[in-house]
Amino acid sequence: MTIHDPRRAGLHPAAEMYAAEHRAGRLSRREFLTRATALGVGSSAAFGLIGLPAPARAENHMPMGGTLRMEMETKALKDPRLADWSQISNFYRGWLDYLVQYEADGSITPMLLESWDANEDATQFTLKVRQGVTWNNGDPFTAADVVRNITRWCDGTVEGNSMAGRMSQLVDAETNMAREGAIEEVDEMTVRLNLAAPDITVIVSMADYPAAIVHSSYESGDPSENPIGTGPYLPEVNEVGVRQVLVRNPDHQWWGTEVFGGPYLDRIEYIDYGTDPAAKLAAAESGEIDITYQTTGDFIDIFDAIGWQKSEVVTAATLAVRFNQDSPPYDNKDVRNALQMAVDNAIVLELGYNGRGTVAENHHVCPIHPEYAQIDPPVHDPAAAKALLDEAGFGNETFELISIDDAWQAASCDAVAAQLRDAGIQVERQVLPGSTFWNDWLEYPFSATEWNMRPLGVQILGLAYRSGVPWNETAYSSEEFDTLLAEAMSLADVEARREVMAKMEKLLQDDGVLIQPYWRSLYRHYTDKVQGAEMHPTFEHHHYKWAIAS
Amino acid sequence: MIRFLLSRLLTLLVTTFALTFIVFFLTNLEPSLEKIAKSEIGTRVSDAEVESWLDRNGYGEPMLVRYGEWLGVVPGWTHTVDGEVVAGRCEAPAGAVEAGAFCGIMQGDWGWSTVFRRDVAEIIGRSLALTGKLMFWVMMVMVPGALILGVLAGMREGSKLDRSLSTVSILTTATPEYVSGVVFIAVFASTAVGLRWFNGSATSAMEDATFENFTLPVLTIALYGMGYIARMTRASMTEVMTAQYIRTARLKGVSFPMIVLRHALRNALIAPFTVIMLQFPWLLNGVVIVETLFNYKGFGWTLVQAAGNNDIELLLGVSVVSVVVVLLTQLISDIGYVYLNPRIRVS
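Going down the list, the sequences are from chains A and B.
According to the working numbering, the first sequence is numbered sequentially starting from 270.
According to the working numbering, the second sequence is numbered sequentially starting from 1115.
These are calculated hints, taken from the structure and not from any lab test.
Cβ atoms here follow ideal geometry from the backbone N, Cα and C, with glycine treated the same way.
Heads up, a few of these hints could be off.
List time: in silico DSS-like cross-link candidates among lysine-lysine, alpha-carbon distance up to 30 Å [claimed, not checked]:
| hint | chain 1 | residue 1 | chain 2 | residue 2 |
| --- | --- | --- | --- | --- |
| 1 | A | 344 | B | 1149 |
| 2 | B | 1149 | B | 1274 |
| 3 | A | 655 | A | 602 |
| 4 | A | 814 | A | 397 |
| 5 | A | 397 | A | 602 |
| 6 | B | 1274 | A | 344 |
Residues from chain B that face chain A, not an exhaustive set, calculated with beta carbons under 7 Å [stated by the list, open to error]:
| hint | residue |
| --- | --- |
| 7 | 1146 |
| 8 | 1149 |
| 9 | 1153 |
| 10 | 1155 |
| 11 | 1230 |
| 12 | 1305 |
| 13 | 1314 |
| 14 | 1315 |
| 15 | 1317 |
| 16 | 1380 |
| 17 | 1409 |
| 18 | 1419 |
| 19 | 1422 |
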């Protein structure tokens, strides 16, 4: 069965162009799929464009029923648009659906939207709402719901609403709310988005984890209190720090059953084992869990050794060892450049993450991003680094590097610190427990933050390095960079965008924004019984694909 | 007797009062409050926003006033917008906020846990039930085990049996839980050694405790206390065994097992009884380590979570319960001592 997607004849012209680029070898398959599906081309059509059969789904063989127990930190729920953890969203994914979904192969699957179209210069998007979807209280799902949710996302006056940054071309800069006329309800089943400037990321952003679609009766707070949604499950237990349980909703006919098949599981239990991987191993060996949320570091080999299946996915997830430019001495560019120069990223990858990834280049754009531009790698020269630091007058300064007590993050920071010490720079390390680390993660002068991947390179730059955005932890504020980013956001042509990207990458390197040592591969382990729960590059749990053999 | 009980009760109240005040003071220092605000409204907010959030949520008043609110001697805070009460400490059953109402610990309201998003009373009840289950099995293993070890070792002082049992009990007491727990998991639960007799995680024991998933945590705590009680029992036993009436009994021709069971045991158990009761507060220490190690979400684990996240009212609740447990077990031990040893009177 393929995705039910009544495509219209006309394909977006850029999609043909990407297909040509793919055939010319300038675009990988993953990049092509991300880009083509973001323009409204269904994934089977996209596969067709590059002459490949769409991958068949094996749901006929999926066992029905059963309980899957996964180890995951169970966090307090928030208003979805305020969610700052994938874990939060993975619980409400049980009963809240998304407009579109990012797949592990890089393509975008239509969910509550049936299809969408972009105009030539990506300033206008027409969204078709899926027919026959109902909320679990019986209300029909219509264009009005889509308009209401997008309007909610655009409300930048709500503290911590990261969706407003993703929807910036729909937001009125003055009122910080949705711009008049930006979101149009054309008819009962059609919505049109009128962007202020071309922005190719708008559809992909709707797959991001805070973009869950909520019912009109929902205002704010814990969505599990009154779980009205379009999804197939319902929350049964929500004990923060202990356990969260989803059960199949017997009174609701889920729209996705005819489209995708599934859901197969009767019950999904998330059990909290904290951040210590040894506790998770003990749980696995005790038979208390069937699957890990993520397996990291040395524990990947150990889980292999106890006979669990490994699922690996290559991602643009990374560790950003960043400086906060608001806190001295990191307001000094020479200090930042010197610290960068003293660190060889390959060594950090080797010591901190057992070489399970690719070396990165201190600019937070990954080779798997479509618009990645190859520029000169950062220079590693400890002697010059020390000289530069002495010259800047900080030769005797003691730098404190903060990290969370998570195994691989702490090890990577230790590797950074050791190299700094080898270069003759004084460094102290501080390791904070997870419960306190995140309270101030944006404010630490010099610390390491784990970043999940985003499908497009411009997305991550827009989220983390644009001046004044909520998650800008480096306090980086460069007019030149902001201008370039805005330009890149408007370029549907990947080659043109790559040129702008090269400039931005260079700018981030030269300004000494962060030491970004490597791109991580992500791993997950499960028992032989578990099916369809492969690792996802952005940690999304697509519950309807999961099954367990009895 | 009544006076004794009253004075003990008074001590209990004064200690609770003093301890909660210290905890309240420490958790309400400015950086701690800022931490709460940031975890509630997001990390990247300005100081002014933190200030306004703290004001809106009742953290803005002087510390003593808020301590009074928690105690229930000062009316709960309310936040009004345009003359209408929109938020407050005391929620009426209908969900509305009552202005001027008292809702502190004296009214039976334990407050709200910011980490777990539940009533503190509910969280403490849940965790005490789990720890109670753990403690019950610890006592079931520890007390008989320790008494048997102690009596066997103490009945013939200096014998080979005494020496070897004493070595064992010193060894278990000298090994802290965080060492023995890790060693047990490595030896008995992991594929590293390959025995895999038991589970190295006790999470499933919260719902359904079995021999596999509950043995290691119980053993870890029990062994630590067992050695200590066994030493006390042995000391008491050897002392009794040298007493005149034991010699008389022997001269009368009573058999050795009879002497131990009939004549020595009762007198030898007076000292261990006190030690066992005083062991309860120590066990509270042990559960903090063991529950965290085995991921068993009882009282100790809750304390760690509350402290790590600066959950003020939960920490206060935990303190109250701890004080009550410690002082109550001491009281029981004192009273029990009187009954076991008629030569001693209270007051």
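Cross-check of the supplied hints:
1. 344(A) with 1149(B): 17 Å, holds
2. 1149(B) with 1274(B): With Cα atoms ~59 Å apart, residue 1149(B) and residue 1274(B) exceed 30 Å; violated.
3. 655(A) with 602(A): Measuring from Cα to Cα gives roughly 14 Å; hence the hint holds.
4. 814(A) with 397(A): 24 Å, holds
5. 397(A) with 602(A): 49 Å, violated
6. 1274(B) with 344(A): 56 Å, violated
7. 1146: At about 10 Å, which exceeds the 7 Å cut-off, the nearest Cβ of chain A leaves the hint on residue 1146(B) violated.
8. 1149: With a closest approach of 5 Å, the residue 1149(B) hint holds.
9. 1153: With a minimum Cβ separation of about 6 Å from chain A (threshold 7 Å), the hint on residue 1153(B) holds.
10. 1155: At about 5 Å, which falls below the 7 Å cut-off, the nearest Cβ of chain A leaves the hint on residue 1155(B) intact, so it holds.
11. 1230: Nearest chain A Cβ about 5 Å off; hint holds.
12. 1305: 5 Å, holds
13. 1314: 3 Å, holds
14. 1315: 4 Å, holds
15. 1317: 5 Å, holds
16. 1380: Check failed: Cβ of residue 1380(B) comes no nearer than 43 Å to chain A, outside 7 Å.
17. 1409: 5 Å, holds
18. 1419: Result: holds, 6 Å to nearest chain A Cβ.
19. 1422: 4 Å, holds
Of the numbered hints listed earlier, those contradicted by the structure are 2, 5, 6, 7, 16.
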